[in-house]
Amino acid sequence: MSKAKEALLNPIFNDNPIALQILGICSALAVTGNLYITLIMCVALTTVVTLSNLSVSLIRNHIPTNIRIIVQISIIATLVMLVDEVLQAFDYESSKTLSVFVGLIVTNCIVMGRAEAFAMKNGPLLSAIDGFGNGLGYSVILIVIAIIREFIGAGTFYGIEIMPLTTNGGWYMANNFFLTPASSFFIIGFTIWALRQWKTDQLEEPEFKISKNSLEAEKRITS
Amino acid sequence: MNNNDTIKKTLIVAISLCLVCSALISFSAVELRDLQEANKTLDKQSKILSAAGLLTEGTEISELFESIEPRIVNLETGEFDSAIDLDQYEESSFSRDPNTSIELSSNQDIALLKRRENFQTVYLHYNSQALNAIILPVRGYGLWGTMKGYLALEPDLKTIIGLEFFDHKETPGLGGEIDNPKWKEIWKGKEVFSDSGDILISVIKGSVDKSSDEAKYQVDGLSGATITSNGVTNLLSFWLGDMGYGPLLEQLQDKETKGV
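Quick note, the sequences are listed as chains H and L, same order.
If you count by our numbering, then the first sequence holds residues 320 to 542, one letter each, in order.
If you count by our numbering, then the second sequence holds residues 2 to 261, one letter each, in order.
Hints are computed from structural coordinates only; laboratory data are not their basis.
Accuracy of the hints is not assured; some may be wrong.
List of simulated lysine to aspartate or glutamate pairs, EDC-like, C-alpha gap at most 20 Å [unchecked claim]:
hint: 1; chain 1: L; residue 1: Lys45; chain 2: H; residue 2: Glu412
hint: 2; chain 1: L; residue 1: Lys41; chain 2: H; residue 2: Asp403
hint: 3; chain 1: L; residue 1: Lys41; chain 2: H; residue 2: Asp410
hint: 4; chain 1: L; residue 1: Lys183; chain 2: L; residue 2: Asp168
hint: 5; chain 1: L; residue 1: Lys170; chain 2: L; residue 2: Glu155
hint: 6; chain 1: H; residue 1: Lys415; chain 2: L; residue 2: Asp168
hint: 7; chain 1: L; residue 1: Lys206; chain 2: L; residue 2: Glu192
hint: 8; chain 1: L; residue 1: Lys170; chain 2: H; residue 2: Glu412
hint: 9; chain 1: L; residue 1: Lys10; chain 2: L; residue 2: Glu38
hint: 10; chain 1: L; residue 1: Lys48; chain 2: H; residue 2: Glu412
hint: 11; chain 1: L; residue 1: Lys41; chain 2: L; residue 2: Asp88
hint: 12; chain 1: H; residue 1: Lys415; chain 2: L; residue 2: Glu38
Short derived list, chain H residues pointing at chain L, Cβ under 8 Å [stated by the list, open to error]:
hint: 13; residue: His381
hint: 14; residue: Pro383
hint: 15; residue: Thr384
hint: 16; residue: Val390
hint: 17; residue: Ser393
hint: 18; residue: Leu401
hint: 19; residue: Glu404
hint: 20; residue: Ala473
hint: 21; residue: Asn495
hint: 22; residue: Leu498
Computed, partial: chain L to chain H, Cβ under 10 Å [said to hold, decoys possible]:
hint: 23; residue: Leu18
hint: 24; residue: Leu25
hint: 25; residue: Leu43
hint: 26; residue: Val123
hint: 27; residue: Leu125
hint: 28; residue: Asn128
hint: 29; residue: Ala131
hint: 30; residue: Gly177
hint: 31; residue: Pro182
hint: 32; residue: Asp255
Ideal Cβ positions, reconstructed from N, Cα and C, are used throughout, including at glycine.
With the rest of the complex left out, here is chain H (with noise of 0.2 Å):
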């Protein structure tokens, strides 16, 4: 595989930063309710995430070591700030239900992440892939949680009703539990055992073993 494909692959299914890294749960936990407000924090974190890895690239040879951080948190939240202004100006509806979380995709480690762990060594062009591949890899996700979300929570998909509410007259009552933040934690924990089991290679080493019970173990602990 060519380097750039690498990059923009990679993060979707073999690297995913909130699958394998987890990185970025935060906000994959808050704006997973509705598909549609998902849709436009993923777009928000990818529109960020690639421009941050592109502008850090860039100016990579000219960061000084030791006001690194500072930089690229000053270029990220730059970004932030026009993708916020930018949705209050166009679609501001979603910008009123995200409000703060997408001022938060400041602190999202994704961005951060990769602007110190590819960009600061690579060039722009390839960052860029990069940062583009994991705000993809960032959405799957993101896009799996809320349609599970959406649908279990609300009975709609995309705003689109399938299973008709009691409180609407319908048949189907409501699980209000996946409309709280708390359902997410469950949803991605499943989604990460899902991939793990097809991608085995990404199954952690147990970090300890529990040794059989045996005569000589027993004879062991009494001597």
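Mind docking chain L on chain H? Use the hints.
What follows is chain L alone, placed relative to chain H:
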């Protein structure tokens, strides 16, 4: 070989980065301000229209809003006050400024506002000279934060046309159901005052017994959202009471009876 770690280089990078970033942000903020302001106004107008049941598909909101007359009202006296410019009125700054607001004592403050502004904008809708609806901004604390909305009343000043929230932080699916069109539908036709003028409107726990005499003052509670439901009751009792629009409604009522 270029050394990036000299003090000179560090300062140059830091300062130029700050300049570029701040220029970008200022530029976008200035460029997009008009659009953002327009969005905010449009959103507010559409909620006001929707509370009064005037929102029709396909017509421009700004066009529909022309039939609505905003007026500043002095909440203390209940009289309209034209001394304050409509464009200058801003609820958030007026309710914080000690000169234009009062502190609420704990037994007055049922909607948990802490301070109440002395002036508010109310919206009047006329249909060929006759008052057709009055739309009152209301707000109060729910479970997670302040719920802000508009209450629209019929010209008899006690029948509800609609209640619409435009800003709240209630749990989606539970308290967030205050946005549910089905629930908002229930409010239409409910009455806020009894014949003797007491505020009776409330969101009750469970469903309303339709045969009871009280039914016209009661609205079904939101299941799983008792605190939000109580918050809605409290904010209505506050804003319709003496500390809220009580004096204004009284004045308007007087005018009505004198006119007849």
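Evaluated hints:
Distance check on the hinted pair: Lys45 of chain L and Glu412 of chain H sit about 12 Å apart at the alpha-carbon level, within 20 Å; holds. Our distance criterion of 20 Å between C-alpha atoms is met by Lys41 of chain L and Asp403 of chain H, whose separation comes to about 15 Å. About 11 Å separates the Cα atoms of Lys41 of chain L and Asp410 of chain H, which keeps this hinted pair within 20 Å; it holds. The straight-line distance between the Cα atoms of Lys183 of chain L and Asp168 of chain L is roughly 18 Å, inside the 20 Å bound, and the hint therefore holds.
Restraint check: the Cα-Cα separation between Lys170 of chain L and Glu155 of chain L comes to about 28 Å, which exceeds 20 Å; the hinted pair is violated. Taken as a hint, the Lys415 of chain H and Asp168 of chain L pair is honoured in the structure, with Cα atoms around 9 Å apart against an allowance of 20 Å. Taken as a hint, the Lys206 of chain L and Glu192 of chain L pair is honoured in the structure, with Cα atoms around 18 Å apart against an allowance of 20 Å. Restraint check for Lys170 of chain L and Glu412 of chain H: satisfied, since their Cα atoms lie roughly 14 Å apart, inside the 20 Å limit.
Proximity of Lys10 of chain L to Glu38 of chain L is assessed by CA-CA distance (about 41 Å); at most 20 Å being required, the pair is judged violated. The suggested pairing of Lys48 of chain L with Glu412 of chain H holds, with an alpha-carbon distance near 12 Å, which does not exceed 20 Å. Only pairs whose Cα atoms come within 20 Å are accepted, and Lys41 of chain L paired with Asp88 of chain L is accepted, the gap being roughly 14 Å. Taken as a hint, the Lys415 of chain H and Glu38 of chain L pair is honoured in the structure, with Cα atoms around 13 Å apart against an allowance of 20 Å.
At its closest, the beta carbon of His381 of chain H sits 6 Å from a beta carbon of chain L; the interface hint therefore holds under the 8 Å criterion. Given hint, Pro383 of chain H at the interface with chain L, holds; its Cβ is 4 Å from that chain's nearest Cβ, closer than 8 Å. Annotation: Thr384 of chain H was flagged as interfacial toward chain L, and the flag holds, the nearest CB pair being 6 Å apart, inside 8 Å. Checking Val390 of chain H against chain L by beta carbon gives a least distance of about 6 Å; that is within 8 Å, so the hint holds.
Look at Ser393 of chain H: its Cβ gets to within about 6 Å of chain L, closer than 8 Å, so that hint holds up. Against a cut-off of 8 Å between C-beta atoms, the interface hint on Leu401 of chain H holds, since the closest Cβ of chain L lies about 5 Å away. Nearest Cβ of chain L to the Cβ of Glu404 of chain H: about 5 Å, under the 8 Å cut. The hint holds. Among the interface hints, the one on Ala473 of chain H holds; its C-beta lies about 7 Å from the nearest C-beta in chain L, closer than the 8 Å criterion.
Among the interface hints, the one on Asn495 of chain H holds; its C-beta lies about 5 Å from the nearest C-beta in chain L, closer than the 8 Å criterion. Checking Leu498 of chain H against chain L: minimum C-beta separation of about 4 Å stays under 8 Å; hint holds. Checking Leu18 of chain L against chain H by beta carbon gives a least distance of about 6 Å; that is within 10 Å, so the hint holds. Here the hint on Leu25 of chain L is kept, as its CB sits about 6 Å from the closest CB of chain H, short of 10 Å.
Taking 10 Å as the C-beta contact cut-off toward chain H, the hint placing Leu43 of chain L at the interface holds, the least distance being around 8 Å. Because the closest C-beta pair between Val123 of chain L and chain H is about 24 Å apart, greater than 10 Å, the hint is violated. Violation of the interface hint for Leu125 of chain L is found here, the shortest Cβ-Cβ separation to chain H being roughly 26 Å, above the 10 Å cut-off. Given hint, Asn128 of chain L at the interface with chain H, is violated; its Cβ is 30 Å from that chain's nearest Cβ, farther than 10 Å.
Interface restraint check for Ala131 of chain L: the shortest CB-CB distance to chain H comes to about 34 Å, outside 10 Å, so the restraint is violated. Given the 10 Å rule on beta carbons, the hint for Gly177 of chain L holds: about 8 Å separates it from the nearest Cβ of chain H. Using the Cβ-Cβ criterion of 10 Å, the hint placing Pro182 of chain L at the interface with chain H is satisfied: the shortest such distance is roughly 8 Å. Checking Asp255 of chain L against chain H by beta carbon gives a least distance of about 40 Å; that is not within 10 Å, so the hint is violated.
Consistency with the previously given hints fails for numbers 5, 9, 26, 27, 28, 29, 32, ordered from lowest to highest.
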